[in-house]
Structures are given as C-alpha cells and as structure tokens.
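Each residue of the sequence shown is one higher than the one before, counting from 269 in the working numbering.
Hints may contain errors.
Per label pair, the in silico range of CB-to-CB distance [stated by the list, open to error]:
{"no.": "1", "residue 1": "Phe488", "residue 2": "Leu300", "range": "37 to 43 Å"}
{"no.": "2", "residue 1": "Lys480", "residue 2": "Pro321", "range": "36 to 42 Å"}
{"no.": "3", "residue 1": "Asn358", "residue 2": "Ser305", "range": "30 to 36 Å"}
{"no.": "4", "residue 1": "Gly491", "residue 2": "Gly283", "range": "47 to 53 Å"}
{"no.": "5", "residue 1": "Asn479", "residue 2": "Thr286", "range": "25 to 31 Å"}
{"no.": "6", "residue 1": "Glu415", "residue 2": "Leu302", "range": "46 to 52 Å"}
{"no.": "7", "residue 1": "Ser360", "residue 2": "Phe488", "range": "17 to 23 Å"}
{"no.": "8", "residue 1": "Phe489", "residue 2": "Gly397", "range": "46 to 52 Å"}
{"no.": "9", "residue 1": "Asn479", "residue 2": "Ser301", "range": "26 to 32 Å"}
Computed cross-link-like contacts, PhoX-like style, restricted to lysine-lysine with a CA-CA straight-line distance of at most 20 Å [stated by the list, open to error]:
{"no.": "10", "residue 1": "Lys404", "residue 2": "Lys422"}
{"no.": "11", "residue 1": "Lys404", "residue 2": "Lys427"}
{"no.": "12", "residue 1": "Lys406", "residue 2": "Lys480"}
These are computed hints drawn from the structure, not numbers from a lab.
Built from N, CA and C at the ideal position, the CB exists for glycine as well.
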Amino acid sequence: MDQARSLLTAANSHGDLTVKLSSLKQAKDVLLSLEPSLAAELFPSLVELQYSPEGIVRQKLVEVIEEIGLKAMENCSILIPVLLALLRDNDSIVARESIVSGTHLYCGVLEEMALQRHRRGKVERWLEGLWIWMIKFKEAVFAIALEPGPVGIKLLALKFLETYILLFTTETNDSDRLVAEGSGSRQLFNISWVAGGHPVLDPVSLMSDANKTLVILLEFFYGHLVVFLVH
C-alpha cells in the first residue's frame, strides 16, 4: 500500500516526465497485485492523474483504468467517470484511447452481467451501477460519432457503435460476435443469456435500441452521401 501510494505521488507531482511514466507503470503493477478492496483505497490518488498537463500521462492513465477495471470490476466505479471525461480530452490521442478502453470495459461489464444473470438468476447491485455508467459511455460515444470532429476519433466511435449493434443483434453469428467483443474476455457474449428480462439488462430493450442506433447511423451516412453527390 505504502509503495503504491508513494509511486502515485511521484506520478502526480514529479517534475520529470520519465519518472512520472515509470512511477505510474510501477504503481499499476502494485495495484494489480493487491486485493481489489485495498487497491480501491488508492484510486482517488490514481484518478488525479486525469488533470496531468502531459497528454501521454493521461493516455497511460486510460490504459491503467482499463486494465484495473477489468480485473477489479467490483471496485472500479470511481474510475469510469474519468474515462468518460477523457472522451472529450483536447489531446486526440487521449480521446481515442478512451474510446478503445471504454469499448473493452463495456464488453467486459456486459459479459459479467450476462454471466451473473445466466448462472445465478440475478445481477449484483454494484454491477447494475457499473452498467449505468456503461450506458452513459455509449451515449457519449454516440454523440461523438454524429458531431463534427477529428476523423480518427469519429472512426473509433463508429467502430464502438458497430460493436454495440453486433452484440445485440440476434442474427449475429459466433464469428461476428467474437469480432464484436474483441477484448480478450473469457467467453462469447450471447443475448440469449439475458432472456427473461431484467430491470437494467432487458434483451428486448437492448435489441430495440441497437436497431434504432443502426437506423440513425444509416440515415446519417445517407445524408452525408447525398451532400457529397450534390457537391
């Protein structure tokens, strides 16, 4: 604990960028070695790095959030709002990394919810709360995809929405579903795992929203195609 705390202090306040990055990497390794509940006590110091003036530090923070979030999911609710905030980072590299890491976390949280529902018939409350953050992530990325902005960021936003649609499309085959998940998770997500409905994980609602998202995207692309052809 003390070692991780000292490393996070250095990552936040040291004047040498090389030391900052090295300290953050070492802190990540220590945090991953701790019991999740103990590591979570240091998360407030970790999230302070979102205010670092160096873009590469913020980028590495996003990578750390993904890695810790997938391993210590039950305790990562304080980390997800940082990820959402960094979607709008002025540094496009940080914003892109936030979409990529958020996509992996979205798939991981969805899989964990589906597995709990499938195996236990219920979803734990902490996971329901985390899913609410994932819904906010989806909405934020959807807005990014449709608004003017850097092409690289928009392409990754569209890639996430492709993943979102594929995850909740019943016709999707296993090969497509593997591509959609793409996060090194343990199993392929199957919408049938959540059959029977759930207050925050209702398959009918999820499939309906995926279809609406697809329609909006198609209309968006069609509108841009018409403008392109006219000019």
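Inset, instruction - Run the structure past the numbered hints and jot down the numbers of the failing ones, going up. - result: Hints 5, 6, 8, 9 contradicted; others consistent.
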